Amino acid sequence: GAGVSQSPSNKVTEKGKDVELRCDPISGHTALYWYRQSLGQGLEFLIYFQGNSAPDKSGLPSDRFSAERTGGSVSTLTIQRTQQEDSAVYLCASSFQGGAKETQYFGPGTRLLVL
Amino acid sequence: AQSVTQLGSHVSVSEGALVLLRCNYSSSVPPYLFWYVQYPNQGLQLLLKYTTGATLVKGINGFEAEFKKSETSFHLTKPSAHMSDAAEYFCAVSDLISGANSKLTFGKGITLSVRP
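Protein sequence lines correspond, in order, to chains G and S.
Letter by letter, the first sequence follows residues 355 to 469 of the numbering used here.
Letter by letter, the second sequence follows residues 529 to 644 of the numbering used here.
None of these hints come from the bench; they were simulated from the model.
Treat the hints with care, as some may be off.
[Stated by the list, open to error] Derived DMTMM-like pairs (lysine to aspartate or glutamate); straight-line CA-CA distance at most 20 Å:
id : chain 1 : residue 1 : chain 2 : residue 2
1  : S       : K636      : G       : E439
2  : S       : K636      : G       : E422
3  : G       : K455      : S       : E592
4  : S       : K577      : S       : E616
5  : S       : K577      : S       : E599
[Stated by the list, open to error] Distance ranges between label pairs, derived from CB positions:
id : chain 1 : residue 1 : chain 2 : residue 2 : range
6  : G       : P409      : S       : T600      : 24 to 32 Å
7  : G       : S359      : S       : M611      : 26 to 34 Å
8  : S       : A582      : G       : S381      : 18 to 26 Å
[As the list claims (entries may be wrong)] Going by beta-carbon spacing under 10 Å, a handful of chain G positions derived as facing chain S:
id : residue
9  : Q360
10 : Q404
11 : Q451
12 : G461
Keep in mind that this is a model prediction, so the values were computed, not measured.
By construction, the Cβ of each residue, glycine as well, lies at the ideal position given by its N, Cα and C atoms.
Hey, can you work out the whole structure from these sequences and the hints?
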């Protein structure tokens, strides 16, 4: 498809389990972003990739959160030992080169519920 | 760092009425500003953006916004609301990360309801 895709669309897990969320950006986009959307905090930036490197990880809330990107394409966000406060919608976005004027294109999100 | 303020969390208008969603920003450099819309259970879709040039920006679905530097505002308007406009609207500003790269800093969002 032409847009950003994410999987799974919904994930229910038990507290303490690890989860992996996947993002497939628009082909040719070198910049990839992860954001988190929760009721209390709104939309928060998590991490930014330029190619396979992550020059800005400042938004990751704890060391339980990590992300990688391989082949300059697909990215995986991993949350270890999930907590109930991790419940949120995780949104991925991509843009052509990450410039400030560029439009970021968002995927439909993964809705994570930690029981 | 940049910031965005969207006052109020919910706006309700009648179908056919004017839509006005307010956004104010704080930026130490000339800002690049965006409005995104989110329909239920979907991702964010760009409505319009201001980067440089004309301060009145037209977007999709009949929406427009005007950049007013003196008021640090970027309010979103639509002359006549349609039922399909019911959604959540986010104002955002580009926030430099490193070099020329940036991320988006969002406001809290405003839910727009349209009454028949």
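Status of each hint after checking the structure:
1. S:K636 with G:E439: Holds, because 18 Å separates the two Cα atoms, which is no more than 20 Å.
2. S:K636 with G:E422: violated, 28 Å
3. G:K455 with S:E592: Holds, at about 18 Å.
4. S:K577 with S:E616: holds, 17 Å
5. S:K577 with S:E599: Between K577 (chain S) and E599 (chain S) the Cα gap is close to 17 Å, so the pair holds against 20 Å.
6. G:P409 with S:T600: 24 to 32 Å: holds, 28 Å
7. G:S359 with S:M611: 26 to 34 Å: holds, 29 Å
8. S:A582 with G:S381: 18 to 26 Å: Violated - the Cβ-Cβ distance for A582 (chain S) and S381 (chain G), about 31 Å, lies outside 18 to 26 Å.
9. Q360: holds, 8 Å
10. Q404: Because about 6 Å separates Q404 (chain G) from the closest Cβ in chain S, which is inside the 10 Å limit, the hint holds.
11. Q451: holds, 8 Å
12. G461: Cβ of G461 (chain G) sits 5 Å from chain S, so the hint holds.
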